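There are 2 protein chains.
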Amino acid sequence: MGLIEGKSGGGTKVINTTWNLLASTPPPDWNSYVKAGIHKPNTPTIQAINQAEFQSDIIRLGTGELSPELLPYYQTKALFQQAADQTMSLGYEEPKGNFFLRQQLALHLKESGIQTSPSAILIVSGALQALQLISIGLLHKGSSILLEKPSYLYSVHVFQSNDMRLVGVPMDNQGIQTSIIEQYKRQYNASLLYSIPSFHNPTGTLMTETRRKQVMELCEQLSLPLIEDDVYRDLWMDAPPPSPLKATDKNGMVLYLGSMSKSVSPGLRIGWVVGPEPVIDRLADIKMQTDYGSSALSQWAAAEWFSTGLYHEHLSDIREELRDRRDATIQTLNKHFKEIASWKVPKGGFYIWIHIIPNLSMHELFSKALKKGILLNPGYLYDYNGNQCLRISYSYASISEIKKGIALLATIVKQLLK
Amino acid sequence: MGLIEGKSGGGTKVINTTWNLLASTPPPDWNSYVKAGIHKPNTPTIQAINQAEFQSDIIRLGTGELSPELLPYYQTKALFQQAADQTMSLGYEEPKGNFFLRQQLALHLKESGIQTSPSAILIVSGALQALQLISIGLLHKGSSILLEKPSYLYSVHVFQSNDMRLVGVPMDNQGIQTSIIEQYKRQYNASLLYSIPSFHNPTGTLMTETRRKQVMELCEQLSLPLIEDDVYRDLWMDAPPPSPLKATDKNGMVLYLGSMSKSVSPGLRIGWVVGPEPVIDRLADIKMQTDYGSSALSQWAAAEWFSTGLYHEHLSDIREELRDRRDATIQTLNKHFKEIASWKVPKGGFYIWIHIIPNLSMHELFSKALKKGILLNPGYLYDYNGNQCLRISYSYASISEIKKGIALLATIVKQLLK
Numbered sequence: 001m002g003l004i005e006g007k008s009g010g011g012t013k014v015i016n017t018t019w020n021l022l023a024s025t026p027p028p029d030w031n032s033y034v035k036a037g038i039h040k041p042n043t044p045t046i047q048a049i050n051q052a053e054f055q056s057d058i059i060r061l062g063t064g065e066l067s068p069e070l071l072p073y074y075q076t077k078a079l080f081q082q083a084a085d086q087t088m089s090l091g092y093e094e095p096k097g098n099f100f101l102r103q104q105l106a107l108h109l110k111e112s113g114i115q116t117s118p119s120a121i122l123i124v125s126g127a128l129q130a131l132q133l134i135s136i137g138l139l140h141k142g143s144s145i146l147l148e149k150p151s152y153l154y155s156v157h158v159f160q161s162n163d164m165r166l167v168g169v170p171m172d173n174q175g176i177q178t179s180i181i182e183q184y185k186r187q188y189n190a191s192l193l194y195s196i197p198s199f200h201n202p203t204g205t206l207m208t209e210t211r212r213k214q215v216m217e218l219c220e221q222l223s224l225p226l227i228e229d230d231v232y233r234d235l236w237m238d239a240p241p242p243s244p245l246k247a248t249d250k251n252g253m254v255l256y257l258g259s260m261s262k263s264v265s266p267g268l269r270i271g272w273v274v275g276p277e278p279v280i281d282r283l284a285d286i287k288m289q290t291d292y293g294s295s296a297l298s299q300w301a302a303a304e305w306f307s308t309g310l311y312h313e314h315l316s317d318i319r320e321e322l323r324d325r326r327d328a329t330i331q332t333l334n335k336h337f338k339e340i341a342s343w344k345v346p347k348g349g350f351y352i353w354i355h356i357i358p359n360l361s362m363h364e365l366f367s368k369a370l371k372k373g374i375l376l377n378p379g380y381l382y383d384y385n386g387n388q389c390l391r392i393s394y395s396y397a398s399i400s401e402i403k404k405g406i407a408l409l410a411t412i413v414k415q416l417l418k
Numbered sequence: 001m002g003l004i005e006g007k008s009g010g011g012t013k014v015i016n017t018t019w020n021l022l023a024s025t026p027p028p029d030w031n032s033y034v035k036a037g038i039h040k041p042n043t044p045t046i047q048a049i050n051q052a053e054f055q056s057d058i059i060r061l062g063t064g065e066l067s068p069e070l071l072p073y074y075q076t077k078a079l080f081q082q083a084a085d086q087t088m089s090l091g092y093e094e095p096k097g098n099f100f101l102r103q104q105l106a107l108h109l110k111e112s113g114i115q116t117s118p119s120a121i122l123i124v125s126g127a128l129q130a131l132q133l134i135s136i137g138l139l140h141k142g143s144s145i146l147l148e149k150p151s152y153l154y155s156v157h158v159f160q161s162n163d164m165r166l167v168g169v170p171m172d173n174q175g176i177q178t179s180i181i182e183q184y185k186r187q188y189n190a191s192l193l194y195s196i197p198s199f200h201n202p203t204g205t206l207m208t209e210t211r212r213k214q215v216m217e218l219c220e221q222l223s224l225p226l227i228e229d230d231v232y233r234d235l236w237m238d239a240p241p242p243s244p245l246k247a248t249d250k251n252g253m254v255l256y257l258g259s260m261s262k263s264v265s266p267g268l269r270i271g272w273v274v275g276p277e278p279v280i281d282r283l284a285d286i287k288m289q290t291d292y293g294s295s296a297l298s299q300w301a302a303a304e305w306f307s308t309g310l311y312h313e314h315l316s317d318i319r320e321e322l323r324d325r326r327d328a329t330i331q332t333l334n335k336h337f338k339e340i341a342s343w344k345v346p347k348g349g350f351y352i353w354i355h356i357i358p359n360l361s362m363h364e365l366f367s368k369a370l371k372k373g374i375l376l377n378p379g380y381l382y383d384y385n386g387n388q389c390l391r392i393s394y395s396y397a398s399i400s401e402i403k404k405g406i407a408l409l410a411t412i413v414k415q416l417l418k
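Protein sequence lines correspond, in order, to chains R and X. In terms of our numbering, the first sequence opens at residue 1 and continues consecutively. In terms of our numbering, the second sequence opens at residue 1 and continues consecutively.
The set of hints was computed from the structure by calculation and includes no laboratory data. Only a predicted model underlies this, so the values are computations on that prediction, with no experimental measurement involved. C-beta atoms are modelled at their ideal positions from N, C-alpha and C, and glycine is treated no differently. One or more hints might be untrue.
Said to hold, decoys possible - For lysine-lysine, the following BS3-like pairs were computed, each having C-alpha atoms within a straight-line distance of at most 25 Å:
#1 R:Lys250 to R:Lys344
#2 X:Lys141 to R:Lys141
#3 X:Lys213 to X:Lys404
#4 R:Lys403 to R:Lys344
#5 R:Lys40 to X:Lys403
#6 R:Lys335 to R:Lys347
#7 R:Lys371 to R:Lys344
#8 X:Lys77 to R:Lys250
#9 R:Lys335 to R:Lys403
#10 R:Lys418 to R:Lys404
#11 X:Lys344 to X:Lys371
#12 R:Lys372 to R:Lys347
#13 R:Lys404 to R:Lys338
#14 X:Lys35 to R:Lys77
#15 R:Lys141 to X:Lys110
#16 X:Lys250 to X:Lys344
#17 X:Lys40 to R:Lys40
#18 R:Lys35 to X:Lys250
#19 X:Lys40 to X:Lys110
#20 X:Lys371 to X:Lys347
#21 R:Lys368 to R:Lys418
#22 X:Lys335 to X:Lys110
#23 R:Lys110 to R:Lys35
#24 R:Lys141 to X:Lys347
#25 X:Lys335 to R:Lys35
#26 X:Lys418 to X:Lys110
#27 R:Lys418 to R:Lys338
As the list claims (entries may be wrong) - With beta-carbon atoms standing in for the labels, derived distance ranges:
#28 X:Lys250 to R:Gly373: 56 to 62 Å
#29 X:Asp324 to R:Asp57: 40 to 46 Å
#30 R:Gln81 to X:Asp324: 29 to 35 Å
#31 R:Ser56 to X:Gln81: 43 to 49 Å
#32 R:Gln51 to X:Lys250: 48 to 54 Å
Said to hold, decoys possible - Chain X regions said to be covered by chain R (calculated; three or more residues, Cβ under 8 Å):
#33 234-243
#34 302-314
#35 317-323
#36 381-394
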């Protein structure tokens, strides 16, 4: 009934057991409040994942983040030790975020061909918050957003909670297919196209240069603005990806998202949006109203990561580590899944999108695997119509866990098929 | 037209000057997007304040935060220097936030009589974010919230942007008046009462123990849940304030908000909500969907502040500093404003609420003062119906700036009266 509250010492107890009886002073019916809110709850699978991630002894085969082994504890500590007194920001920052960090980012973005200035950059607490700000800051209720299908965006409710609709566009090996975008834009009166061109989440697809050109040309022709979610860009393994869409954006069509979460540390909670200044001003104003800006400590640390050159150094280590992990994972998949699944070898990012060939309930597989200590990210999280896929991540679990986990998973799949 | 974008090097230029002409490929009309968003923009005065705060040579007489002189740079650096390798959290945290921090907070809250456990605490990025989560997580569109009038809450749009209504209840020297709450609850079908009982923002009022009892009894009787915003509690000067409402909350009526922003560092962006577990679970789930949790670096630092005992040490220094600043400010007001304004001496917090006696346009005073280099927080930010008041803060500007600023302000007021 919504009446459990903690007591000091760690336990919890149900308070006011007279609730719902004919008590003379009933407490508020929190349950009705919990159900009333505007924002949709996470799906049961995601709630289960969010909880299970903190169980010990669980092998996390789907988690889209760097392994604790790969997080730069030593470097972060060194940054703070080197900091001279008074250089750390402990107060509120400017509405768009720490100026020095935005300067550093403008330089960083230039390396991938994006010409911008600090005033066209907003610091956010991760790319997800940027989407949240775009949702409440730029769009009408009832808007439609075109996106790749499947897409990470289906697994969060930033747009749907504001009565907006996601309209999935099919993909091929080169990225989002352009043939249907014009029709969908008209049919659904779409406001935006959301895309993850580099090392797409969850499929790992790298949009080709040709496709990038086609997408930009089409969107310009249709006056259809884009959100380019490019948080995996720096995690290439074999060769750097083609230039971002934003690099060829002459008409201010693209809101570009980046983040430290995938490449350095999700715990920093630092991301950025780059776009036309009036749009950035609007998003900054809303950010001030929702959380008064991102952690100044984190912003300071992020700026140091770039200005000291540590970011590049770290990235080249991480790329090597991810390459090893990817190769070991593919090897293990070849060993155990060759007969029952298909996949492509990703050229960067964290994910292998494996398609289970025999018909199988992915909900059942998720629960069964969780009981055996394996946490999966099933494909239906990324596509409302469901599919026979799993997002396998090689970034989080250790190589030995991945080997053990995939072998066990193959056994579970085969049992379910019997 | 929404088409300015930055170029590297720091300048900005208007891109695509053919926009609005008969261009064959018009860019998106960002201006229409900027106007479309669900979330209300900040009021022009607050936007002006947010900008002016980062001008140099401005005396900030209204700013509700600790002066840079009072921020604990040295201590923060020391915390990081003492940190053993691997103790810092750089990954994502549990949905409710870092467990060790929540344990520390449960102990800290016990000191003011609040019995709770880590599972009933959610870490947020400042108390404002808690309000944002409550707004989208617990309330229907069209809900009404009762609150003190004036109130800080009028100056942000967390509830109004979700089509909710603020219903102001008059205050006296003891805090919010209880006589009209029952009627308003019925009349407006109010969902919540929002209150700042300790060192109220903007009036500085400290709710008495008697009034606290009356408020709790009434809310229990009416089944009217409360949000107790207690971010100024630890900033008492003469004697600790009466126990929080939450300390006498036997029925899970109160969602209790606290923060590091006012007492240690706003740049940490660390606050907390304490309440019945199902409510905290719901808010945690939404927080995961909007920003995946608060900065782990900041959470780690916050936990260290409490666990090392540094928080208490620091607070006793800050109290002394604030006492000196308050006394100097009152002295200066006595010197320059005795004839033209009235005020009460606050017993804690940051604010003196001064009522300008002669009739005067506060909008004009704000602009005039800004031109002369004085940034004010006029009372109309905190009360839609306006008033003849200013929120003077003694926390931010240095004592010499306060003296200079108040003297200059008196001259400006007298000029406007001519």
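Restraint status (C-alpha distance of Lys40 of chain X to Lys40 of chain R at most 25 Å):
21 Å, holds
Keeping to a limit of 25 Å between CA atoms, is the pair of Lys35 of chain R and Lys250 of chain X held or broken?
23 Å, holds
Has the given pair, Lys335 of chain R with Lys403 of chain R, been kept, meaning a C-alpha gap of at most 25 Å?
The hint holds at about 10 Å.
Proposed proximity, Lys35 of chain R with Lys335 of chain X (alpha carbon, max 25 Å)
Not satisfied, since the Cα-Cα distance of roughly 55 Å exceeds 25 Å.
Do the alpha carbons of Lys335 of chain X and Lys110 of chain X lie within 25 Å of each other, as the hint requires?
42 Å, violated
Given that the stretch 381-394 of chain X was listed as covered by chain R, double-check it with a C-beta distance under 8 Å for 3 or more residues.
It is violated, with 0 qualifying residues against the three required.
Is the listed coverage of the stretch 234-243 of chain X by chain R valid when you require three or more residues with a beta carbon under 8 Å from a beta carbon of that chain?
violated (count 0)
Between Lys418 of chain R and Lys404 of chain R, does the CA-CA distance stay at or below 25 Å?
Answer holds: Lys418 of chain R to Lys404 of chain R is near 22 Å, not above 25 Å.
Between Lys403 of chain R and Lys344 of chain R, is the straight-line Cα distance small enough, at 25 Å or below?
18 Å, holds
Hint consistency between Lys418 of chain R and Lys338 of chain R [alpha-carbon to alpha-carbon, up to 25 Å]
It holds: about 18 Å lies between the C-alpha atoms, which stays within 25 Å.
Distance restraint evaluation - Asp324 of chain X, Asp57 of chain R, Cβ atoms, bounds 40 to 46 Å:
At 55 Å between Cβs, range violated.
Is 43 to 49 Å a correct range for the gap between the Cβ atoms of Ser56 of chain R and Gln81 of chain X?
For Ser56 of chain R and Gln81 of chain X the Cβ distance comes to about 30 Å; the hint is violated.
Checked against the numbered hints given earlier, the structure breaks hints 1, 3, 5, 7, 8, 11, 12, 14, 15, 16, 19, 20, 22, 23, 24, 25, 26, 28, 29, 31, 32, 33, 34, 35, 36 and satisfies all the rest.
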